[in-house]
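Construct all of the structure, not just a fragment, from the sequences and the given hints.
Note that the protein sequences, when read in sequence, are chains A and B. For the first sequence, this note's numbering begins at 1 and goes up steadily by one. For the second sequence, this note's numbering begins at 1 and goes up steadily by one.
Don't read these hints as lab results, they were simulated from the structure. Treat the hints loosely; a few may be bogus.
As the list claims (entries may be wrong) - These stretches of chain A come out as covered by chain B in the derived footprint (C-beta under 8 Å, 3 or more residues):
id, segment
1, 47 to 59
2, 304 to 317
3, 359 to 373
Quick caveat: nothing in here was measured; it's all calculated off a predicted structure. Think of the CB as a built atom: it goes at the ideal place given N, C-alpha and C, for glycine as much as any other residue.
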Amino acid sequence: MLQQADQIFILLRNWIVGFLPAGWQTAAGVVLGVIGIVVVFPSLFAIAVLMERKGLGRMQNRLGPNRVGPFGVLQPIADAIKSLTKEDIVPLNADAVVHFLAPVYLVVVAFMGFAVLPVGRNMVLVDMDASLLFYFAMGASTEVSIFMAGWSSRNKYSLLGAMRAVAQMISYEVPLLMSSIVIVMMTGSLSLVKIVEAQNQYTWGLPHWYIFTPWGLAGFVMYAISATAETNRSPFDLPEGESELVAGYFTEYSGFKFALFFLGEYLGMLSISGLGTTLFLGGWSAPLAALNWVPSWIWFFSKVMLSIVVLIWVRGTLPRLRQDQLMNFAWKFVIPMTLLNLFVAALWRFMGDGWLRWVVCSSILISVYVVAGRTGMQREHFGPRSYRYAE
Amino acid sequence: MLGEGILKGLAETARNFAGSFVSKERLTTVEYPEQRIPTAENARVFPFLVYDGTDWEAGLRCVACQICEKECPPKCIYIEKSKDKKPDYVGKMQIYPVRFDIDVSVCMSCQICVEVCPFEAIKMDTDFELSTTDRFGGLLHDRKQLARSNEYYHTIHPTEAAEVDGRLAEEKVKAEVKAKAAAEAAAAKAAAAAAAPPKPAEAAPPARPAETATAPKPAGGGE
Numbered sequence: 001m002l003q004q005a006d007q008i009f010i011l012l013r014n015w016i017v018g019f020l021p022a023g024w025q026t027a028a029g030v031v032l033g034v035i036g037i038v039v040v041f042p043s044l045f046a047i048a049v050l051m052e053r054k055g056l057g058r059m060q061n062r063l064g065p066n067r068v069g070p071f072g073v074l075q076p077i078a079d080a081i082k083s084l085t086k087e088d089i090v091p092l093n094a095d096a097v098v099h100f101l102a103p104v105y106l107v108v109v110a111f112m113g114f115a116v117l118p119v120g121r122n123m124v125l126v127d128m129d130a131s132l133l134f135y136f137a138m139g140a141s142t143e144v145s146i147f148m149a150g151w152s153s154r155n156k157y158s159l160l161g162a163m164r165a166v167a168q169m170i171s172y173e174v175p176l177l178m179s180s181i182v183i184v185m186m187t188g189s190l191s192l193v194k195i196v197e198a199q200n201q202y203t204w205g206l207p208h209w210y211i212f213t214p215w216g217l218a219g220f221v222m223y224a225i226s227a228t229a230e231t232n233r234s235p236f237d238l239p240e241g242e243s244e245l246v247a248g249y250f251t252e253y254s255g256f257k258f259a260l261f262f263l264g265e266y267l268g269m270l271s272i273s274g275l276g277t278t279l280f281l282g283g284w285s286a287p288l289a290a291l292n293w294v295p296s297w298i299w300f301f302s303k304v305m306l307s308i309v310v311l312i313w314v315r316g317t318l319p320r321l322r323q324d325q326l327m328n329f330a331w332k333f334v335i336p337m338t339l340l341n342l343f344v345a346a347l348w349r350f351m352g353d354g355w356l357r358w359v360v361c362s363s364i365l366i367s368v369y370v371v372a373g374r375t376g377m378q379r380e381h382f383g384p385r386s387y388r389y390a391e
Numbered sequence: 001m002l003g004e005g006i007l008k009g010l011a012e013t014a015r016n017f018a019g020s021f022v023s024k025e026r027l028t029t030v031e032y033p034e035q036r037i038p039t040a041e042n043a044r045v046f047p048f049l050v051y052d053g054t055d056w057e058a059g060l061r062c063v064a065c066q067i068c069e070k071e072c073p074p075k076c077i078y079i080e081k082s083k084d085k086k087p088d089y090v091g092k093m094q095i096y097p098v099r100f101d102i103d104v105s106v107c108m109s110c111q112i113c114v115e116v117c118p119f120e121a122i123k124m125d126t127d128f129e130l131s132t133t134d135r136f137g138g139l140l141h142d143r144k145q146l147a148r149s150n151e152y153y154h155t156i157h158p159t160e161a162a163e164v165d166g167r168l169a170e171e172k173v174k175a176e177v178k179a180k181a182a183a184e185a186a187a188a189k190a191a192a193a194a195a196a197p198p199k200p201a202e203a204a205p206p207a208r209p210a211e212t213a214t215a216p217k218p219a220g221g222g223e
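Laid out in structure tokens, this is it:
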């Protein structure tokens with residue numbers, strides 16, 4: 001029975017596909033999987049938006065939306081209706097084709113990432129050998145969409161936002177990849193399915209998640225920072241900084257295209273949280289061996305939503321960074337730390353089992369973190385202004 | 001250590017998040033249509049016309065002097081004078097406004113009409129829910145919509161209304177005393193006239209001040 005609950009979606013798909021002739025079954029199975037992704041993740045997007053608005057409200061001692069439905073739970077539906085019925089305005093000077101393609105491209109690419117994420121036991125749409133590579137290829141192409149939007153709007157704020165976005169996303173793409181490569185080194189596979197399977201083992205009832213190792217924890221922290229920057233979330237939301245750039249690259253978007261950008265952004269958040277879950281938090285595996293009876297997809301989705309909650313929490317806490325702080329942080333702190341993490345992971349691998357590797361690896365990481373934080377990331381102290389030529 | 005401040009900040013927001021569910025003082029939101037804060041006594045939104053007694057039409061204090069119409073900076077008051085007269089609070093016969101309209105969309109709530117009114121006839125209301133579905137006729141309030149009783153004025157601005165009432169009562173007493181004195185003087189004159197042979201130059205002294213007061217007006221306008 002529990003076995004069936006775990007595999008309920010697979011069984012459902014097989015049952016539906018069973019009605020079709022043999023030649024059509026593979027294609028129909030894929031189509032059903034796509035429908036599943038296209039239905040489930042936008043619903044999660046609606047839930048995430050509601051959680052964000054209510055949660056941010058509470059963090060600021062407000063009530064948040066509470067008018068539509070009981071406690072405002074129907075707010076996402078109202079928002080959807082609003083954005084669907086709004087007028088779609090394209091600026092006269094805009095490059096209409098690119099202006100239209102940018103949001104579509106963003107959403108398509110965001111959905112592509114979900115194709116390789118294992119959302120449960122046997123539940124992955126495309127089981128590729130190099131699914132991690134595929135995922136990063138898809139994730140990196142969102143930058144193209146953002147630049148398309150900024151460029152085609154023919155508006156200085158859009159373009160500034162797009163330039164910032166490209167600078168930021170390319171800078172943080174490097175640590176994102178570097179922190180994930182550690183996992184590939186330890187697992188020996190680029191397949192996300194294999195990565196989850198490697199973590200789905202238990203000693204004394206505790207899981208072998210990579211976050212519970214020194215290099216895994218460090219990698220997870222770096223991954224979380226770069227993922228936040230990758231999805232343009234606060235405190236890294238410079239590309240759309242409302243206070244200086246109106247809305248950044250989607251200043252000139254209204255109505256449904258704006259909604260698509262919004263959807264694309266949240267889908268990006270969901271998928272990057274899903275990847276983080278898969279890489280560091282054991283994907284669909286249960287946090288305790290005793291809890292293995294709970295269906296695997298429940299674990300995956302609860303971990304993803306938990307990551308979203310953390311992202312909302314961070315958004316409610318931190319103010320926006322300055323552009324130079326952002327770049328300094330990426331190139332002077334995060335990237336060196338991920339490089340060090342690669343070294344530590346290699347050390348961990350070759351030191352063999354035992355307590356010694358725990359001590360050595362953690363002490364290297366902690367000491368470098370403390371020293372780099374003290375020296376590299378110290379606030380610059382500006383003295384009194386001096387004039388060289390005046391006076 | 002790097003990141004310490006971030007953890008402190010996260011703890012702070014978490015405290016706020018949890019606290020907003022527990023303590024009522026944290027949530028300062030007033031859910032407006034259902035809950036309201038009572039308006040401050042010196043709040044002002046839009047002018048209204050004060051009337052005494054129960055009949056709004058008879059009790060209107062406005063005498064259609066048109067000072068407010070002339071002083072209004074955005075020119076949102078439209079007054080039409082009556083042909084006939086009716087007694088005011090003192091009992092003196094006065095003309096009254098047949099039409100007194102104020103345009104809500106033009107009014108800027110400056111209170112200048114209130115300050116210039118010599119008859120305490122126009123005051124500021126605190127009712128701010130003035131929206132309407134008809135943006136042309138609905139925004140032009142006529143005198144019936146503008147009329148509010150003196151009791152209503154007392155409920156929204158108690159201190160100010162009491163002051164105004166005192167002043168008006170004082171004026172009424174003064175007017176009564178004056179009228180009595182005038183009547184007495186007239187009676188004395190009449191008695192004197194009856195006793196002595198009549199002198200035509202001093203025949204009607206109470207009527208003369210009114211005539212001299214109105215006489216310079218057309219001359220001033222001509223200059």
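Right, here's what the structure says about each hint:
1. Note: the segment 47 to 59 of chain A has 3 residues with beta-carbon separation from chain B under 8 Å; the three-residue rule is met and the coverage holds.
2. Using a Cβ-Cβ cut-off of 8 Å, 4 residues of the segment 304 to 317 of chain A lie near chain B, which meets the minimum of three, so the contact claim holds.
3. With 4 residues having a Cβ less than 8 Å from any Cβ of chain B, the segment 359 to 373 of chain A passes the three-residue criterion, so the hint holds.
Checked against the numbered hints above, the structure violates none of them.
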